[in-house]
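Residue strings, one per chain:
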Amino acid sequence: MTHGMKVGALAILPLALGAAVYGFAFGLLAAQVGFPWWGVGLMSASVHAGSSQIVAVEQFASTGAVLGAVFAGAALNLRYVGIVASLSEVLNGLSLWKKLVAIHVTGDENWALTMAERAKSPDVGAKFLLGSGMVMISVWTTSTALGAVIGAVLPNLERFGLGFAFTAAFIAMARGLWRGRSQALAWSVAAGATIAVVSLGAPKAYGIVAGAICGLVAIYLVRRAKEATR
Amino acid sequence: MSGALWAVTSLLALAAFLVRVAGLSAGERIRASRQAWILDDLPGLIVVSLVASSLTGQPLPTWIAAGVALGIAIMTNHVIATMALGVVAFAGLKWLGV
Numbered sequence: 289m290t291h292g293m294k295v296g297a298l299a300i301l302p303l304a305l306g307a308a309v310y311g312f313a314f315g316l317l318a319a320q321v322g323f324p325w326w327g328v329g330l331m332s333a334s335v336h337a338g339s340s341q342i343v344a345v346e347q348f349a350s351t352g353a354v355l356g357a358v359f360a361g362a363a364l365n366l367r368y369v370g371i372v373a374s375l376s377e378v379l380n381g382l383s384l385w386k387k388l389v390a391i392h393v394t395g396d397e398n399w400a401l402t403m404a405e406r407a408k409s410p411d412v413g414a415k416f417l418l419g420s421g422m423v424m425i426s427v428w429t430t431s432t433a434l435g436a437v438i439g440a441v442l443p444n445l446e447r448f449g450l451g452f453a454f455t456a457a458f459i460a461m462a463r464g465l466w467r468g469r470s471q472a473l474a475w476s477v478a479a480g481a482t483i484a485v486v487s488l489g490a491p492k493a494y495g496i497v498a499g500a501i502c503g504l505v506a507i508y509l510v511r512r513a514k515e516a517t518r
Numbered sequence: 011m012s013g014a015l016w017a018v019t020s021l022l023a024l025a026a027f028l029v030r031v032a033g034l035s036a037g038e039r040i041r042a043s044r045q046a047w048i049l050d051d052l053p054g055l056i057v058v059s060l061v062a063s064s065l066t067g068q069p070l071p072t073w074i075a076a077g078v079a080l081g082i083a084i085m086t087n088h089v090i091a092t093m094a095l096g097v098v099a100f101a102g103l104k105w106l107g108v
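In the order they appear, the protein sequences are chains A and B. Just so you know, the first sequence maps onto residues 289 to 518 in our numbering. Just so you know, the second sequence maps onto residues 11 to 108 in our numbering.
Derived contacts from chain A toward chain B, CB cut-off under 8 Å, selection only:
| no. | residue |
| --- | --- |
| 1 | Ala-337 |
| 2 | Ser-374 |
| 3 | His-392 |
| 4 | Met-403 |
| 5 | Ala-404 |
| 6 | Met-461 |
| 7 | Ala-462 |
| 8 | Gly-499 |
| 9 | Ile-507 |
Please keep in mind that the hints were generated in silico from the structure rather than gathered at the bench. On a predicted model such as this, the values are computed, not experimentally measured, just so you know. We put the beta carbon where it would ideally sit given N, CA and C, even for glycine.
Please model the complete structure; the sequences and the hints are all you need to start from.
As structure tokens, then:
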């Protein structure tokens with residue numbers, strides 16, 4: 289493992305341990321639907337999208353419809369179009385198969401950490417993303433498979449603030465991506481749009497997509513207005 | 011494992027991967043276009059939206075803890091420190107019954 293990958297692998301460990309708890313919970317859910325432990329692990333390794341897997345399994349459990357479950361899970365993953373697109377510069381120069389591996393191991397946590405660390409140091413790049421992604425997918429796959437076997441004995445860690453740990457981590461990553469006041473309007477629009485969409489009852493994943501798009505539209509309009517006044 | 015579970019797993023894996031490949035293709039096209047600014051601004055917008063989606067509908071103590079975490083993030087610019095102290099603030103507020 290190269291130095292950059294090792295740095296990424298170590299940096300993501302606290303977030304990976306947190307994700308493992310959710311992995312246990314998902315494994316338990318999937319086992320109750322009928323997945324064997326190895327089937328849960330196979331799904332986690334091949335899909336590698338926590339919220340999509342949870343929704344797809346829940347949908348399948350309640351309706352028994354394969355295509356409906358797949359569609360619901362895949363739709364929740366649409367934010368990855370934007371997430372992977374933003375990695376274009378990071379992945380530039382890699383061979384195609386390395387790019388495909390990198391985008392498969394990319395998750396919310398290791399993507400955001402890579403971008404936040406890259407904002408501080410331009411040396412952070414594909415190796416960091418790959419190292420942190422390998423840890424995330426390994427921990428996710430292992431924890432979900434273990435959850436299918438022993439998940440029922442896990443205490444409810446939500447009450448100790450586990451969910452908030454991720455929120456705090458993403459707040460810190462946002463801080464790392466902050467470049468100055470010029471971003472304030474777009475970030476406010478994105479946050480406001482997300483809150484509005486989720487408050488209306490839409491899944492959080494759709495709120496994230498809507499927020500990001502509204503933020504981009506705000507930036508575009510400001511740029512157009514500036515160009516018009518020149 | 012039943013045929014239906016195999017179908018859910020394989021089709022979801024295919025769909026998730028195709029979404030990522032679509033992002034890869036879109037990113038390369040955008041980077042080569044006049045709209046390359048999108049790639050600079052997208053990460054911050056998605057992370058802010060992730061935070062906003064986590065906080066939507068949460069009670070006041072969670073928002074206060076988020077404010078504390080933001081203060082720590084501004085001061086330290088460090089993910090793990092913000093995560094650890096943010097959870098301490100969250101747990102402390104709960105313990106105090108705020």
